[in-house]
Amino acid sequence: MAKNIKDSSPERVKEILDVIMSYARFDFSKKTTIHGNETLDAIGAGVNMLGEELESSTVSLKEKEQLLKEIHHRVKNNLQIVSSLLNLQSENILDKRYLDLIIESRNRINSMALVHEMLYSAKDLSKIEIGQYVERLSKGIQYSLSKNESDVKFDFNIDNGLYFDIDHMIPLGLILNEIISNSYKYAFPNNEGKITIEMRNKTEYEMIVKDNGVGFKPHFDVKRDSNLGMQLIFMLAEQMDGKVEIKSEIGVSYQINIPK
Amino acid sequence: METLNPPQTALELSVFWTWMGEDGICRTKTKPLAEVTIVEAMENSVAVNSFYKEKKFPLLIDARNIKSMAKEARKHFSTNGRTTKINSMAIMVKSPLSRIVGNFFMGLNKPEMPACLFDDEAAAVEWLKKYVL
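Sequences listed follow chains A and U, in order.
Under the numbering used here, the first residue of the first sequence is numbered 8, with each subsequent residue one higher.
Under the numbering used here, the first residue of the second sequence is numbered 513, with each subsequent residue one higher.
In short, the hints are calculated from the structure, not lab data.
None of these values were measured; they are calculated from a predicted model.
Be a bit skeptical, because a hint or two may be false.
Calculated lysine to any residue pairs in the SDA-like style (CA-CA distance at most 20 Å, straight line) [to be verified]:
#	chain 1	residue 1	chain 2	residue 2
1	U	622	A	40
2	U	583	A	143
3	U	606	A	43
4	A	38	U	622
5	U	587	A	67
6	U	622	A	61
7	U	583	A	163
8	A	209	A	265
9	U	583	A	207
10	U	587	A	59
11	U	587	A	115
12	U	606	A	50
13	U	587	A	65
14	A	37	U	543
15	U	583	A	65
16	U	583	A	66
17	U	543	A	40
18	U	622	A	63
19	U	543	A	43
20	A	103	A	115
21	A	37	U	584
22	U	587	A	57
23	A	192	A	147
24	A	21	A	36
25	A	38	U	606
26	U	622	A	57
27	U	583	A	158
28	U	583	A	265
Which residues of chain A face chain U? A partial, calculated answer using Cβ under 8 Å [stated by the list, open to error]:
#	residue
29	29
30	31
31	52
32	67
33	244
Each residue gets a CB set at the ideal place from its N, CA and C atoms; glycine is no exception.
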């Protein structure tokens with residue numbers, strides 16, 4: 008039964024404050040007791056109703072997060088199915104040109120699937136840490152492209168705690184995939200070398216990917232002679248309002264600046 | 513003029529009295545310190561909808577004695593997405609408690625039909641008259 012506490016009693020005020028503090032901790036099990044028709048009863052009733060609304064919004068937010076996780080999971084699974092289908096298809100292909108095209112497509116799909124996989128496993132569903140992503144992506148490409156006797160090493164130099172949302176991660180992943188694949192294909196005729204990936208959080212985000220390979224062929228013109236992969240790098244950087252600078256000195260180096 | 517004293521013919525529900533006035537305005541009045549949950553809200557709706565088969569009518573709610581109204585009940589009274597015979601509602605509030613409940617109802621569960629809070633009964637009746645068909 009409700010205690011008969013006078014409207015203005017400190018005990019009554021404390022009771023309402025306790026309930027507000029419970030709500031602040033997302034504990035909605037408590038409610039203020041309404042004793043009569045006084046001002047503090049009105050305040051208590053208002054607090055109770057705000058608690059109900061907050062609880063309902065919190066539940067709804069959790070449901071939405073769950074749904075978003077489920078969507079990322081399904082997108083990742085579907086992309087993996089496409090990747091597996093391409094794998095199966097490749098088993099019947101003998102022509103190396105077509106086989107390479109399938110492997111390139113599969114790696115592009117895998118770079119996107121990895122973003123969705125990392126998003127649904129992350130605490131915060133809206134962003135992922137690029138350092139972890141870059142390492143996992145590089146390993147995947149290494150596994151896919153390296154030949155038995157190859158000895159290509161990776162060197163990562165990525166600022167800690169650098170997070171990107173999906174709108175940046177998908178193009179960044181695809182760009183990295185193209186650059187690393189190009190290095191594997193063209194930079195190391197002896198199957199030996201190093202790929203360095205740097206990522207800096209400056210006034211802009213700065214990504215540098217370079218290899219210590221043989222560099223471009225003489226008279227190679229990026230704009231004139233570039234393949235689909237190279238065109239993708241420019242298109243995807245532009246999608247993020249970024250700029251690409253390519254140099255061929257000791258190996259090839261790509262610097263991509265992305266505004267914040 | 514006081515029109516919110518339940519007549520003998522009023523339907524007595526758990527926490528409401530509900531009746532149809534001679535002026536074609538339905539009235540529902542909460543009992544003192546009524547705690548309205550979804551159960552009482554639905555019981556009230558059944559009673560309100562029982563007065564006419566086809567015709568729609570306005571509703572005057574006397575919430576001056578209310579103690580609390582649960583979220584589900586507020587949602588139910590908003591009539592959004594459910595069939596109802598009422599075409600408008602005026603809610604009488606007076607005490608700080610009834611004002612808080614009334615304002616929550618109007619703010620967070622805004623009814624689909626014309627609805628207004630009043631602290632003057634005559635003004636509420638006058639406003640509802642235009643919805644009597």
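Mind listing which of the numbered hints don't hold for this structure, in increasing order?
1, 2, 4, 7, 9, 11, 14, 25, 27, 28, 29, 30, 32 and 33
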